[in-house]
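Residues per chain are reported as follows:
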Amino acid sequence: MATKQAIVSARAAALLALSIALPAYAQQSDDSRSSETVVGVPDFSGTWERYTPPRNSNAPPAGGTPGAGLGPTFGGSPPPLKPEFAAAYEADVRSRQEAERRGEPIPSVNAQCLPEGMPGMMIALFPMEVLQTRGQITIVQEAFSQIRRIYIGEDAPAIADAEPTFFGHSGARWEGDTLVVETVGIKESVRYRNAPHSANVRIHERMRMLDANRFENQITVVDPEYFTGPWSWTWTYQRKPNYKIYEYVCEDNREFVDPETGAQRMRFRDDAAESKE
Amino acid sequence: MTRGGEVTKSMNAVGAACLVVVMTLSAARSASAHHSFAMFDNENQIKLEGTVTHFQWTNPHVYIELDAMNVYSDDKTVKGWTIECANPGILNRIGWKFNMVSPGDKVTIIVAPLRSGEPGALLKQITLPDGRVFANGGPAGPALMQ
Numbered sequence: 183m184a185t186k187q188a189i190v191s192a193r194a195a196a197l198l199a200l201s202i203a204l205p206a207y208a209q210q211s212d213d214s215r216s217s218e219t220v221v222g223v224p225d226f227s228g229t230w231e232r233y234t235p236p237r238n239s240n241a242p243p244a245g246g247t248p249g250a251g252l253g254p255t256f257g258g259s260p261p262p263l264k265p266e267f268a269a270a271y272e273a274d275v276r277s278r279q280e281a282e283r284r285g286e287p288i289p290s291v292n293a294q295c296l297p298e299g300m301p302g303m304m305i306a307l308f309p310m311e312v313l314q315t316r317g318q319i320t321i322v323q324e325a326f327s328q329i330r331r332i333y334i335g336e337d338a339p340a341i342a343d344a345e346p347t348f349f350g351h352s353g354a355r356w357e358g359d360t361l362v363v364e365t366v367g368i369k370e371s372v373r374y375r376n377a378p379h380s381a382n383v384r385i386h387e388r389m390r391m392l393d394a395n396r397f398e399n400q401i402t403v404v405d406p407e408y409f410t411g412p413w414s415w416t417w418t419y420q421r422k423p424n425y426k427i428y429e430y431v432c433e434d435n436r437e438f439v440d441p442e443t444g445a446q447r448m449r450f451r452d453d454a455a456e457s458k459e
Numbered sequence: 066m067t068r069g070g071e072v073t074k075s076m077n078a079v080g081a082a083c084l085v086v087v088m089t090l091s092a093a094r095s096a097s098a099h100h101s102f103a104m105f106d107n108e109n110q111i112k113l114e115g116t117v118t119h120f121q122w123t124n125p126h127v128y129i130e131l132d133a134m135n136v137y138s139d140d141k142t143v144k145g146w147t148i149e150c151a152n153p154g155i156l157n158r159i160g161w162k163f164n165m166v167s168p169g170d171k172v173t174i175i176v177a178p179l180r181s182g183e184p185g186a187l188l189k190q191i192t193l194p195d196g197r198v199f200a201n202g203g204p205a206g207p208a209l210m211q
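As you go down the protein sequences, you meet chains A and B in turn.
Heads up, the first sequence is in this note's numbering, so the first residue is 183 and it goes up one at a time.
Heads up, the second sequence is in this note's numbering, so the first residue is 66 and it goes up one at a time.
Hints may contain errors.
Below, simulated DSSO-like cross-link-like pairs (lysine-lysine); rule was C-alpha separation at most 27 angstroms, straight line [to be verified]:
1. K112/B x K141/B
2. K369/A x K264/A
3. K141/B x K162/B
4. K141/B x K422/A
5. K162/B x K426/A
6. K162/B x K112/B
Covered stretches of chain B (chain A as the covering partner; in silico rule of three or more C-beta atoms under 8 angstroms from a C-beta of chain A) [what the hints assert, rightly or not]:
7. 171-181
8. 190-201
Simulated from the structure, these hints should not be mistaken for lab results.
The beta carbon of each residue, even a glycine, is placed where N, CA and C say it ideally should be.
Could you put together the complete structure from these sequences and hints?
Structure, rendered in structure tokens:
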């Protein structure tokens, strides 16, 4: 009898445990993680790298001014800063250029092993992987293992509610064959081309397939506090077929900032220093 | 020259041809890297010959340490050098492998030394014991000497 009771209470306990667990199973279907094929809209899934136009002696150099070690090429013109911010920005650009010439570069965020954040990660420093489901696009950038998530069918949050992050919070909708993405909530410390921005910065992107193997991303950065108008450029990506993204963990960063000069230097391993003697 | 030497020579030629391809490809892209390379003296590259003491396949950079002498210098002192390479992703994409270099390997390298005078440098080109020649990827730029 006692054994029967024990079995009954064990069953009751099991049922109770199930009933607690059940609501989790009874959730609505999750479009963002649906395994259903993307239907009726362009599919950006795949592995991509920045598009390098065929060399043509009549064409201008691809992508604009080369960056000081910050990426394959920067996009567009310099930031349209309001006059009250422009002088400080230009002075900063000059001091970085002079430091480069002296051979004492001012460390970039990359040299400190920090991710580029938005919009810098879309420069595609290294190859990137796009994973698309019905409700979400996830972009993985090999360099620094950067990841951003774009929620399709959602609005970007109100700026007041958007916690500042490296990659921001992205909502998107389809306009015909174009994915229109809006991103807010970028940390003020995250700088593209070292340009300052406020907490109110918004990044608009228009992504569309140009053909089966290329897609373009028209980027517009708007910041009424810092900019006189929109700051726009376009990056184009080409497929990198069968490429598998490598792991990237910043395991041993030997670049360090010299506390006296502020310049970037190279640290030696302790054992290497002994071998130097 | 022995037959082995001829094989090595022809492999060198293949390596050099590969290098030219890599350099041409890299010329099509502008600089991209984890950081600025301005702390290295690209204009005054040197050639080192020596023995690998440590090989580290990590991000953000791969490192080769070796006890080596400067081939074209009158000073034939062997010093411990630390050589910065690109990262595993870039190097994999141009044909390197994580276990391609080992302590004890006799290698010849061309590097851009640190401007500070410390025994550190940026790799431009490495010749492995089997004669294969590898560059350091587009961002680091090509060897400007042989």
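To see whether the hints hold, each was checked on the structure:
no. : hint            : verdict
1   : K112/B x K141/B : holds (12 angstroms)
2   : K369/A x K264/A : holds (20 angstroms)
3   : K141/B x K162/B : violated (31 angstroms)
4   : K141/B x K422/A : violated (46 angstroms)
5   : K162/B x K426/A : holds (15 angstroms)
6   : K162/B x K112/B : holds (23 angstroms)
7   : 171-181         : holds (count 3)
8   : 190-201         : violated (count 0)
In this structure, the hints that do not hold are numbers 3, 4, 8, in rising order.
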